[in-house]
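Asker: Order-wise, the sequence lines are chains A and B.
Those letters in the first sequence? Residues 1 to 218, by UniProt numbering.
Those letters in the second sequence? Residues 1 to 218, by UniProt numbering.
All the given hints hold, so there is nothing to weed out.
Between beta-carbon pairs, the in silico distance windows are: (1) Ala75(B) <-> Val72(A): 37 to 43 Å; (2) Ala159(B) <-> Asp108(A): 31 to 37 Å; (3) Ala82(B) <-> Leu79(A): 49 to 55 Å; (4) Asp40(B) <-> Ala75(A): 56 to 62 Å; (5) Asp113(B) <-> Arg203(A): 15 to 21 Å; (6) Leu97(B) <-> Thr10(A): 32 to 38 Å; (7) Ala217(B) <-> Gly23(A): 23 to 29 Å; (8) Gly170(B) <-> Gly184(A): 37 to 43 Å; (9) Leu79(A) <-> Ala159(B): 47 to 53 Å; (10) Glu171(A) <-> Gly173(B): 39 to 45 Å; (11) Thr112(A) <-> Asp40(B): 37 to 43 Å; (12) Glu149(A) <-> Glu62(B): 37 to 43 Å.
Derived, one-sided and incomplete: chain A residues facing chain B with beta-carbon distance under 10 Å: (13) Gly148; (14) Phe153; (15) Leu182; (16) Leu194; (17) Met195; (18) Pro196; (19) Arg200; (20) Leu201; (21) Ile214.
Hints in this document: simulated from the structure, not taken from any laboratory.
Glycine included, every Cβ here is placed at the ideal spot set by N, Cα and C.
There are 2 protein chains.
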Amino acid sequence: MRIGIIGTGTVGQTLGSKLVALGHDVTLGSRSKGNAAATDWAERSGPGGRAGTFAEAAEFGELVIVATGGTVAPAAVELAGAENLAGKVVLDLSNPLVFSPTGELTLDPVNTDSVGEQLQRALPGSRVVKALNTVTVTVMVDPDRVPGEHQLFVAGEDAGAKAQVTALLGEFGWPAERVLDLGGIDAARGMEMLMPFWMRLMRHYGHADFNYSIRAAN
Amino acid sequence: MRIGIIGTGTVGQTLGSKLVALGHDVTLGSRSKGNAAATDWAERSGPGGRAGTFAEAAEFGELVIVATGGTVAPAAVELAGAENLAGKVVLDLSNPLVFSPTGELTLDPVNTDSVGEQLQRALPGSRVVKALNTVTVTVMVDPDRVPGEHQLFVAGEDAGAKAQVTALLGEFGWPAERVLDLGGIDAARGMEMLMPFWMRLMRHYGHADFNYSIRAAN
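In isolation and in its complexed conformation, chain A is listed as follows (with noise of 0.2 Å):
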């Protein structure tokens, strides 16, 4: 499949990576042209990988990922172009995480609103589903890094994009009956609320190769 993938950090070029891994075309977008980052990855990618900017990269994938920081993919899809996006799945895996100077955390949408209502309401003509917010990107792509039958979970409006975003979850390793389907996309709010719980485990453990396990009566 063709991937488009809107950020070039540690978390874009880790799930570029694996897509090409897996034998997928991936283009991975940065904010400006030639960007080094990009261009780097690309090369060492082989044939399957292409640096490009946002608008290309969306316009390339069939699905595209949404790999910036939370606070800044509404501004990156605007550039990336809602044109370029229209009827594609939109995978949006991040999380609006603040860092005050004294080291606070705190999230920017939160609680009345969140990055994946945000990107769906940009981007009416797309189906944007949340999904892999909640571990980090080591995990993402190698879920056997944390021992046990651990979780992801999927919002969106779209149950075909939420589908197609499982299997591709299957790609990575996690079985479809290990993603549990949250309902719309007002339910990245509670997905994104994880995050401060989830740094506070970080901070207990001393890793991230950690994830939650829901446990439920029958």
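Got chain A; can you put chain B on it based on the hints?
Answerer: The following block gives chain B in isolation, referenced to the frame of chain A:
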């Protein structure tokens, strides 16, 4: 142990009954004297259970549990009286849920503050511990309703107070190794911000007999 409970709703009554069954002496405190919920509960509870005001419950308890809704917890604690709570462990298990007329759930406070922190600020002479707000009340006092090695979390400034709460959780059926210490009372933010996610899980499962099991690499 003498335990005061501030709040006569389902959470307060269920915890009170469990504590009486475990052999503790409990005063269930209500906003106004002679509250029917509290006096009925005390009558059902036998010699271990008494009814009183918020202030009487606070004065009675060696350990005091705040079991009101989160949005009213600071006012309840003010009525209980900081002087009646001085030097004591105050266990806060509330969530600051606000439901809009359309049923939309938000939290207040959120993101930059939490009920746990509000109570610790209001009670500088007490040792506030946040715990138990992450599960439904029936699971609080009967963890085996949910299968597996699921967990609770504690947050607070005082290690001794957290140890005392962890011991009480042990009486409820939670072994100490399933109680994760998330740090200072500001970790209450992340614990309270789990609630929107928790509500989506409840919708997903169709019941509230579920809990988090954090899986982590060694």
